[in-house]
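Each chain, written out:
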Amino acid sequence: MNERTFGFRTRALHAGTPPDTETGARALPLHLSTAFVFDSTEQAAELFALRTYGNIYTRIGNPTVAAFEEKLASLEGGLGALATASGLAAQLITILSVAQQGDHLVASANLYGGTVTQFSVTLQRMGIETTFVAPGDLGAVRAALRDNTRALFVETIGNPNGNVADIAALAAIAHEAGVPLVVDNTFATPYLCRPIEHGADVVVHSATKFIGGHGTVMGGAIVESGTFPWGAGRHPLLSTPSPGYHGLNFAESFGEYAFLQRARVEVLRDVGASISPMNAWLLVQGLETLAARMPLHVENARAVAAFLQERDEVAWVSYADLPDSPDRALAERYLPLGAGAVFTFGLRGGREAGRAFIDALELWSHLANVGDAKSLVIHPASTTHQQLTDEQLRAGGVLPEMVRLSVGLEDPDDLIWDLQRGLAAAAAVTPELSEAKG
Amino acid sequence: MILETVAQRRELLDRSHTVAMVGASANPNRPSYFVFSYLRTRGKFEISPINPTLGEIDGVKAYPSLAAYTAERGAPDIVDVFRRPEEAPQVTRDAIAAGAKAIWFQYGVINQEAIRLADDAGLDVVVDRCIKVESARFDGGLAIGGMNTGLLTAKRRLH
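Chains as they are written, first to last, in my numbering: chain A, 1 to 438; chain B, 439 to 597.
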């Protein structure tokens, strides 16, 4: 035992995954077991009463899943973590741990579309209302907070716009109002940004992306700082007796562990969106190499962005890492090692050029995901949003010419070779470019 | 000595056997009951409630005072304090008189006078920590709950 503060790479390999005490296995054992035997009736009673620690049932917790949770909590600098079936499940469980019917949320207007729908449709139907505000407009954020606001929700790097959240400023505004700041850190990963260090209270992840890193498994996670005053009265779900757990007052009984305890034993238990131990095991493999992969993702993204910026077919590139990005100053503060590897650019030829560009690519995978080791591309106007007119697209903040890239780990020259082929096809259907050449 | 490191807390828990819990409650939703019940069922510690209003908790005999505990059982290894901060100095004087080797102030029980008294008397002192959480940090309980134990080792460790 020593008091050394270990570095990120060391923790990525060792935190949460010591050698197995039973067998000495050096790799993390995969516990594919739905349930776990009790030592005695007394121990079972103590477990169900939350007075002792132990495994009961994999919907609530599992030793392989716990290893993933501890490793991620260590990397984010949190008190602990809760793994979930997906990123959307992590968000839902976070919100349902602090809010109920009649409550209110404030969220960034630049969120992943799936999150916007979850908040504005599904949570709205459950009686939890969300006000969406531009995250860069701190005055608007402050003005949107109400007496019944239970959380402020933003993304470190917005999907797909690439805007960077001013986490420290948002945390200060939230805390003034007694509200926790929840940050979706999916695009940055803890390697590039650790929101808790900047004042965030809860961090959520779609671990499906860079944490898994290989486009293989679904998973999500919630990490908590352990410093938010859940018992201060602003969150009655945590500070008043819960009918879901025989009158337990989580803040009183568990102190700093109140949020994570309630999220697990009440909300995850009842929502049921648990991660498979198999997926958690694979996500542990992903975390082990996160610090080796992320610098390469960033390096390739920078090369691709620099290439695109110089091309006539490209109208704009939106990547906070670029020197002329409006988010550059925020990126330097919060993402000093790079603004991730997902960004967007616009084709001068609009929607038609986007279609031609995508169809001409050989190496970039055309699909709806990000954070794979393989490079990915999608053109929303011809796929996910194809039923909308250009005007409707613009109204929704999705530009017809916008292409989103998730830059993988291939040789950058090969990625650029393929993009050149796509741009040539785009130019062929862009009147101003094909005429200039003709 | 004020114990500020993980290693010092682990060493204290490893070498301790008897714990006298001042302010133990029989109310199952009180934090002190969670801690009492955990330490009792883990089996490593002999834990005794110190509470003048209770005869016993879960069949474990309660003592009205630290003096009464010591008269029957000798000095406790650890006095665990679940009282308001302003009551901590008196509990500390009682713990010193009882010959306790260590005093453990639970979350929020922070009183500088009490800390100084205990330290000056040569007791090991833990402040603003939970004895249940620290025990669980070392016995695997926290890790099972997905908590960040801060422990990191490539050695096979049997709890």
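Everything labelled a hint here was simulated from the structure, so no lab data went into it. Be aware that one or more of the hints could be misleading.
Stated by the list, open to error - Which residues of chain B face chain A? A partial, calculated answer using Cβ under 8 Å:
# : residue
1 : Arg447
2 : Phe472
3 : Gln550
4 : Gly579
5 : Ile582
6 : Met585
7 : Arg594
Note that the Cβ used here is the ideal one computed from N, Cα and C, for glycine as well.
Results for each hint:
Taken as an interface hint, arginine 447 (chain B) does not check out: its beta carbon lies about 10 Å from the nearest beta carbon of chain A, beyond 8 Å. Annotation: phenylalanine 472 (chain B) was flagged as interfacial toward chain A, and the flag holds, the nearest CB pair being 5 Å apart, inside 8 Å. Interface restraint check for glutamine 550 (chain B): the shortest CB-CB distance to chain A comes to about 21 Å, outside 8 Å, so the restraint is violated. Against a cut-off of 8 Å between C-beta atoms, the interface hint on glycine 579 (chain B) holds, since the closest Cβ of chain A lies about 3 Å away.
Taking 8 Å as the C-beta cut-off, the interface hint given for isoleucine 582 (chain B) holds, the closest approach to chain A being about 5 Å. For the restraint placing methionine 585 (chain B) at the interface with chain A, the shortest Cβ-Cβ distance is roughly 4 Å, inside the 8 Å limit, so the hint holds. The restraint placing arginine 594 (chain B) at the interface with chain A holds, with a minimum CB-CB distance near 4 Å, inside the 8 Å limit.
The structure fails to meet hints 1, 3 from the earlier list, while all remaining hints are met.
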